[in-house]
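Enquirer: First to last, the sequence lines map onto chains G and Y.
With the first sequence counted from 1, adding 3 to any position gets you the working numbering.
With the second sequence counted from 1, adding 3 to any position gets you the working numbering.
Some clues are possibly wrong.
Because identical chains share one entry, a pair is satisfied inside a single copy or across any pair of copies.
As the list claims (entries may be wrong) - Simulated crosslink set (DSS-like; lysine-lysine; CA at most 30 Å straight-line):
1. K68 with K139
2. K196 with K24
3. K59 with K295
4. K199 with K279
5. K89 with K196
6. K24 with K68
7. K87 with K139
8. K196 with K290
9. K196 with K295
10. K199 with K295
11. K301 with K199
12. K64 with K146
13. K6 with K64
14. K279 with K196
Think of the hints as simulated: they come from the structure by calculation, not from any bench.
The primary structure of each chain is shown beneath.
Protein chains: 2
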Amino acid sequence: MNKLLVVGTVAFDAIETPFGKTDKILGGAATYISLSASQFGVNSGIVSVVGGDFPKEYLEKLNAKNINTDGIEIIEDGKTFFWKGKYHNDLNTRDTLITDLNVLANFNPVVPEEFKNTDFLMLGNLHPAVQMAVIKQIPVRPKLVVLDTMNFWMDNTLDELMEVIAKIDVITINDEEARQLSGEYSLVRAAQKIHKMGPKFVVIKKGEHGALLFNNGNVFFAPALPLEEVFDPTGAGDTFAGGFIGHIAKSGDISFENMKRAVISGSNLASFCVEKFGTERMENLSKEEIEKRLLQFKLLTQFDIELS
Amino acid sequence: MNKLLVVGTVAFDAIETPFGKTDKILGGAATYISLSASQFGVNSGIVSVVGGDFPKEYLEKLNAKNINTDGIEIIEDGKTFFWKGKYHNDLNTRDTLITDLNVLANFNPVVPEEFKNTDFLMLGNLHPAVQMAVIKQIPVRPKLVVLDTMNFWMDNTLDELMEVIAKIDVITINDEEARQLSGEYSLVRAAQKIHKMGPKFVVIKKGEHGALLFNNGNVFFAPALPLEEVFDPTGAGDTFAGGFIGHIAKSGDISFENMKRAVISGSNLASFCVEKFGTERMENLSKEEIEKRLLQFKLLTQFDIELS
Numbered sequence: 004m005n006k007l008l009v010v011g012t013v014a015f016d017a018i019e020t021p022f023g024k025t026d027k028i029l030g031g032a033a034t035y036i037s038l039s040a041s042q043f044g045v046n047s048g049i050v051s052v053v054g055g056d057f058p059k060e061y062l063e064k065l066n067a068k069n070i071n072t073d074g075i076e077i078i079e080d081g082k083t084f085f086w087k088g089k090y091h092n093d094l095n096t097r098d099t100l101i102t103d104l105n106v107l108a109n110f111n112p113v114v115p116e117e118f119k120n121t122d123f124l125m126l127g128n129l130h131p132a133v134q135m136a137v138i139k140q141i142p143v144r145p146k147l148v149v150l151d152t153m154n155f156w157m158d159n160t161l162d163e164l165m166e167v168i169a170k171i172d173v174i175t176i177n178d179e180e181a182r183q184l185s186g187e188y189s190l191v192r193a194a195q196k197i198h199k200m201g202p203k204f205v206v207i208k209k210g211e212h213g214a215l216l217f218n219n220g221n222v223f224f225a226p227a228l229p230l231e232e233v234f235d236p237t238g239a240g241d242t243f244a245g246g247f248i249g250h251i252a253k254s255g256d257i258s259f260e261n262m263k264r265a266v267i268s269g270s271n272l273a274s275f276c277v278e279k280f281g282t283e284r285m286e287n288l289s290k291e292e293i294e295k296r297l298l299q300f301k302l303l304t305q306f307d308i309e310l311s
Numbered sequence: 004m005n006k007l008l009v010v011g012t013v014a015f016d017a018i019e020t021p022f023g024k025t026d027k028i029l030g031g032a033a034t035y036i037s038l039s040a041s042q043f044g045v046n047s048g049i050v051s052v053v054g055g056d057f058p059k060e061y062l063e064k065l066n067a068k069n070i071n072t073d074g075i076e077i078i079e080d081g082k083t084f085f086w087k088g089k090y091h092n093d094l095n096t097r098d099t100l101i102t103d104l105n106v107l108a109n110f111n112p113v114v115p116e117e118f119k120n121t122d123f124l125m126l127g128n129l130h131p132a133v134q135m136a137v138i139k140q141i142p143v144r145p146k147l148v149v150l151d152t153m154n155f156w157m158d159n160t161l162d163e164l165m166e167v168i169a170k171i172d173v174i175t176i177n178d179e180e181a182r183q184l185s186g187e188y189s190l191v192r193a194a195q196k197i198h199k200m201g202p203k204f205v206v207i208k209k210g211e212h213g214a215l216l217f218n219n220g221n222v223f224f225a226p227a228l229p230l231e232e233v234f235d236p237t238g239a240g241d242t243f244a245g246g247f248i249g250h251i252a253k254s255g256d257i258s259f260e261n262m263k264r265a266v267i268s269g270s271n272l273a274s275f276c277v278e279k280f281g282t283e284r285m286e287n288l289s290k291e292e293i294e295k296r297l298l299q300f301k302l303l304t305q306f307d308i309e310l311s
């Protein structure tokens, strides 16, 4: 069974959407990524940090999904990272109301001994210095290193981010971030420029408009499933990334053909994530539901036009 | 050979994009639709109106593509409809600088005798009263009637528009217009509501984000081809519609399966349209180029994920 190490935030989120609001609930990039990847039955572990206020039940929830939490440091006299946000009516935009870094402010990641030989490494959205610290703790290069990041790090820590980008295989960012990072409006040209920064594979996430996978002149597009109702978009991007790396880690196949399936798997899982608040839907998701919706992706995109 | 009647504007456009600007060039919805549909070798004709200022060469250009222009009324002492627009840097939004209706203001469409038994009818974006006048001149209902319209008519002539919508089979509108017409944000729900207004098929155009086809609970998605450079988006939506109806008119097949191919054909042709100013690219487009790009659409979207 392939090992997958996930680095990222484990957090409290408080979410408000047009459909309701939550108190502090389980959130964080590593949480969503791991829950999504856990659908593929890989041997996964998280590297993160939480405070003494983080409920043991949350860790047990993750353990119940076969996610190793030994790498989640607990700082007993500290507080867990907290994010509060409010979505606008279109659910495509949101205001961040609170970002309390708390224990994340001084996070020194430590990779557990058992994951130092991880086959796959997923660097969730975090300070690039933390991402780099994890890369340096892994002596044998993993088969594939995937990086997620965001505009905040491009604005504030670009040099450090570029050093990380030079070391990874796959970058996942959204369309605006791809444009910012490359200085190109066309996503085709943006991907070309980002390839030159290091990543052989560039995944551009477009939210409700799907995702593009670029590799060496090849391009593949996975749509988002058109849904009757989007309840809470929180974690959809991380769930996409988790489905992507989970699919690859399960198969061990890092070919472009298999990455196509991986972006479809990621889109599929993200389509569930948004149906309920927070991680609720991802915690209660059956193999049958996933397969049924994969069939919908096939029906949505497959056609048999003949070329003469 | 199936007959296709296209109703819509034949116009002068003056276009400004970040890459350059044009004087008055050939434009109009019926022009783009017909040029696009002409790729499929159907027997097509236009119903429209122009002024005495409209160059004979433009009509000859259309005739050279086997497009019948007998239904284009020429009002010798009138002036042709003129539109001037300027695109913003992202090419997704534009300002309309001039709209001179001219001869279009009093347009009474007359369907030529030879097209009164048309197999397919494409109602391009126009005043709904004009669209209805054409429907009423065709005694035997065509196999398929496709309607394109826009928010302007929803704002200003909604009752007349709803009467037309009740009589047609396929509506093509953009995502914002679908939301406006239905009062639903979710495009799935918007399509459900629009079905109830009459059209069995709802095509929602999302520009660079592709197009969705809805029919009776089924949904299909055609992406836009990711392009290195978009030069001028003018006419892309009409070119899409022309490719859609052209494909269907050639095959005579109005099944959902064939409409999938039709939206792919429409997206394919639209991807050429935007590569040059105005109609230039559509006037010089080979079968080989079209087929080659269809293969790109296959590579872009087809995957072989296995369901257990």
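Enquirer: Look at each hint and say if it fits the structure.
Expert: Results for each hint:
1. Proximity of K68 and K139 under a CA criterion of 30 Å is satisfied intra-copy only: 28 Å inside one chain copy versus 64 Å between copies.
2. For the identical chains of this complex, K196 and K24 are inter-copy neighbours only, at 28 Å across copies versus 40 Å inside a copy, given an alpha-carbon limit of 30 Å.
3. When the C-alpha separation of K59 and K295 is checked against a cutoff of 30 Å, the pair qualifies neither within a copy, at 34 Å, nor between copies, at 57 Å.
4. In the homo-oligomer, the alpha carbons of K199 and K279 lie at most 30 Å apart only across protomers (29 Å), although the nearest pairing inside one protomer, at 39 Å, exceeds that limit.
5. Taking identical chains as interchangeable, the C-alpha atoms of K89 and K196 lie at most 30 Å apart only when they sit on different chains, with a minimum of 29 Å there against 34 Å within one chain.
6. In this assembly of identical chains, K24 and K68 lie within 30 Å of each other by CA distance solely inside one copy; the values are 26 Å within and 59 Å between copies.
7. Taking the shortest Cα distances, K87 and K139 never come within 30 Å of each other, neither inside one copy (32 Å) nor across copies (58 Å).
8. Taking identical chains as interchangeable, the C-alpha atoms of K196 and K290 are never at most 30 Å apart, the minima being 38 Å within one chain and 32 Å between chains.
9. In this homomeric assembly, K196 and K295 come within 30 Å of each other (Cα to Cα) only across copies, at 25 Å, whereas the closest approach inside a single copy is 37 Å.
10. Taking CA atoms no more than 30 Å apart as the test, K199 paired with K295 passes between copies only; the shortest distance there is 28 Å, against 39 Å inside one copy.
11. For the identical chains of this complex, K301 and K199 are inter-copy neighbours only, at 27 Å across copies versus 33 Å inside a copy, given an alpha-carbon limit of 30 Å.
12. In this assembly of identical chains, K64 and K146 lie within 30 Å of each other by CA distance solely inside one copy; the values are 28 Å within and 57 Å between copies.
13. For the identical chains of this complex, K6 and K64 are intra-copy neighbours only, at 20 Å inside a copy versus 64 Å across copies, given an alpha-carbon limit of 30 Å.
14. In this assembly of identical chains, the alpha carbons of K279 and K196 lie at most 30 Å apart only when taken from different copies (24 Å versus 37 Å within one copy).
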